[in-house]
Amino acid sequence: MPLIDLANPHRFMQLARVLIPAFAALATGLVAFGFYLGFRAPADALQGEAARIMYIHVPSAWLALGIYTLMAIAALGTLVWRHPLADVAGKAAAPIGAAFCLMCLLTGMLWGRPMWGAYWVWDARLTSVLVLFLLYLGVLALWRATDDPLRAGRAAAILTLVGFINVPIVKFSVDWWNTLHQPASVFRLDGPTIHPDILTPLLVSASGFAALFVALLLAAMRNEILRRRVQTLTLLAAAKGG
Amino acid sequence: MRLIAENLGCQRGGRTLFRGLAFRLEAGEALRVTGPNGAGKTSLLRLIGGLLAPAEGRVALEGAEGRAGEAAHLVGHQDAIKSALTVEENLEFWCAVLGATGGVGLAAVEAALSALGLSALAQFPARVLSAGQRRRLALARLLVAKRRLWLLDEPGSGLDADGQKTLSHMIAAHISAGGIAVVAAHGAPEISATREIRLGGGA
Amino acid sequence: MSEALKAILVRDLKLALRAGGGAGIGVMFFLAVVVITPFAIGPDMKLLARVGAAELWIGALLASLLGLDRIFAADQEDGSLDLLLMASLPLTLVAAAKGAAHWCATGLPLVVAAPLLGLLLGLEPTALGAAALTLLVGTPALTFLGLVGASLSVMLPRAGMLVAVLVLPLAIPVLIFGVAATEAASRGELFSAPFRLLLALSLFFLVLGPVAAAAALRHARD
Numbered sequence: 008m009p010l011i012d013l014a015n016p017h018r019f020m021q022l023a024r025v026l027i028p029a030f031a032a033l034a035t036g037l038v039a040f041g042f043y044l045g046f047r048a049p050a051d052a053l054q055g056e057a058a059r060i061m062y063i064h065v066p067s068a069w070l071a072l073g074i075y076t077l078m079a080i081a082a083l084g085t086l087v088w089r090h091p092l093a094d095v096a097g098k099a100a101a102p103i104g105a106a107f108c109l110m111c112l113l114t115g116m117l118w119g120r121p122m123w124g125a126y127w128v129w130d131a132r133l134t135s136v137l138v139l140f141l142l143y144l145g146v147l148a149l150w151r152a153t154d155d156p157l158r159a160g161r162a163a164a165i166l167t168l169v170g171f172i173n174v175p176i177v178k179f180s181v182d183w184w185n186t187l188h189q190p191a192s193v194f195r196l197d198g199p200t201i202h203p204d205i206l207t208p209l210l211v212s213a214s215g216f217a218a219l220f221v222a223l224l225l226a227a228m229r230n231e232i233l234r235r236r237v238q239t240l241t242l243l244a245a246a247k248g249g
Numbered sequence: 517m518r519l520i521a522e523n524l525g526c527q528r529g530g531r532t533l534f535r536g537l538a539f540r541l542e543a544g545e546a547l548r549v550t551g552p553n554g555a556g557k558t559s560l561l562r563l564i565g566g567l568l569a570p571a572e573g574r575v576a577l578e579g580a581e582g583r584a585g586e587a588a589h590l591v592g593h594q595d596a597i598k599s600a601l602t603v604e605e606n607l608e609f610w611c612a613v614l615g616a617t618g619g620v621g622l623a624a625v626e627a628a629l630s631a632l633g634l635s636a637l638a639q640f641p642a643r644v645l646s647a648g649q650r651r652r653l654a655l656a657r658l659l660v661a662k663r664r665l666w667l668l669d670e671p672g673s674g675l676d677a678d679g680q681k682t683l684s685h686m687i688a689a690h691i692s693a694g695g696i697a698v699v700a701a702h703g704a705p706e707i708s709a710t711r712e713i714r715l716g717g718g719a
Numbered sequence: 002m003s004e005a006l007k008a009i010l011v012r013d014l015k016l017a018l019r020a021g022g023g024a025g026i027g028v029m030f031f032l033a034v035v036v037i038t039p040f041a042i043g044p045d046m047k048l049l050a051r052v053g054a055a056e057l058w059i060g061a062l063l064a065s066l067l068g069l070d071r072i073f074a075a076d077q078e079d080g081s082l083d084l085l086l087m088a089s090l091p092l093t094l095v096a097a098a099k100g101a102a103h104w105c106a107t108g109l110p111l112v113v114a115a116p117l118l119g120l121l122l123g124l125e126p127t128a129l130g131a132a133a134l135t136l137l138v139g140t141p142a143l144t145f146l147g148l149v150g151a152s153l154s155v156m157l158p159r160a161g162m163l164v165a166v167l168v169l170p171l172a173i174p175v176l177i178f179g180v181a182a183t184e185a186a187s188r189g190e191l192f193s194a195p196f197r198l199l200l201a202l203s204l205f206f207l208v209l210g211p212v213a214a215a216a217a218l219r220h221a222r223d
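Protein chains in written order, with our numbering: chain A, 8 to 249; chain B, 517 to 719; chain C, 2 to 223.
Among the clues, some could well be false.
Pulled from the structure, derived: some chain B residues nowhere near chain C, Cβ distances all over 12 Å [unchecked claim]:
# : residue
1 : R540
2 : N553
3 : G633
4 : A661
5 : T682
6 : A688
7 : A689
8 : G695
What follows is a list of derived Cβ distance ranges for each label pair [stated by the list, open to error]:
#  : chain 1 : residue 1 : chain 2 : residue 2 : range
9  : A       : L240      : B       : H685      : 29 to 39 Å
10 : A       : A246      : B       : G573      : 46 to 56 Å
11 : B       : A636      : A       : D154      : 15 to 25 Å
Because the hints were derived from the structure by calculation, they are not lab data.
Built from N, CA and C at the ideal position, the CB exists for glycine as well.
Use the sequences and the hints to build the structure in full.
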């Protein structure tokens, strides 16, 4: 079915009714399986059991960046291709992406405490994720700043694109900043090597998170469409005098 | 209670708008102030309400406690409506701050909304109101503030025929209950006034 | 009269929390300020922990100044301020109620966020608690002091940054005692002299702020 059909909100709602439970079930299955594999995988030689948090931490980082990329594509959809559901998708994806980003940061802190004795270190990777989190917060704040969804949508789309273009610049500068101040020892967040025993649970977990994201995104988009319908109905009712 | 103005003069931005203005209003009387734009109608209302200090002369409300502002209610050009609140919340706020309190207040809010034909819109966020509806919400304040002196600045602007009728009834009822009203308007013949003052003409 | 003041407090809170109100912006700004510091100073955790308390206080101060100019400006723009002036409420109390609402919406979230941000700066648990407590006591001083700037901005449209610049020097004592109190508390001494002075400053501005703001508002009418 061509993508253009999804542009029709009514068709989208019909699809969503089918897809949301499907993806939710898929997500539950994959995440559970991923966690099971994660607990069965061998413990890290250096870091022990605590390293298992990586199975949440690393996929969250992938999702955080992936969702931001999707938001940038949606932003192009809003500004360039004028796809009617593009800004709905962008608005719906933002809180989910921010949540994954936050989860990555929090699990990173929980991992850091037993590992390095500190809840936080300003190493290049964690810091980049923190800056990404700030970008997310900016987009979220922009959506809440005005009632008019169309104006907010265009503004948020521009901000998302500008942020997206800046992601490699920020990453580069943060890496440069990190090497400038040589840390005492080199911390590696993903363990000494990616052994297949570790890689498989990681990928399964990541796929599970991705399925979860799709389910949540579709549900959020459906809510946003309903919200806009209510707003239109309210305006019409008010014009008629209530 | 009476409203007295003696030798009242007003200056805005270095320009003298009017001077030597005098009138005397007893309870149950209405004053209509007419004049072209920029003549000083709004400034006169603000002077009476105590929001502006006169350049010369004085205006006072005798027989009322407190400052003139506390006995008067002003419905000016701006509506003092917050878009993020519902119609009901807007009016309840002004009822609590300006008028009766507690349970009595809520009943007054409902009555005011129904008198101005806004009952059906009570739960709607104020941002969806049309210009005429906003004006009616602003006028509804008069019914909850329960002040004895009404200062109305072009109250009929933006109202449809029904709204104009409601407005005339409101003012007439207020007057016959012993209140005083000062109405600035371009024409508004339906507002029966005891007196009329014309401002502007190059004072 | 307390009904009226409660109505003002509740309304201002509702407006801040609903869309377009700007309730979360202060915390986001706080986060942003704390995050950018290491980019300037460097990721040395020991150094960051040393300046951590100062960093949190500077961030909280700047975040408190944000949105100060809107406290009265929004009401002036739609005519609500005129009506508040004509209410039979002392203008001082009206200003105090609006200040209290602003602190709940802007200052209190800073207090809650401070310990979490302190983690980023590598502060010890006692220092985190100390920062939260001193900010709880000190942010009211910043808000009520800011009321004066907010009321001045009614006379000058579009004066947002100017207000912040005017209020900053007056906030220096709060900053001095706030940071000193935090550092003393992290060493275990909770009710140190700077803490008591900070408390005194808050109480002082709790009174002076609304009084000065009311005077300024009365003079603001033409």
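(request) Could you check the structure against the hints above and give me the numbers of any it violates, in ascending order? (result) 4
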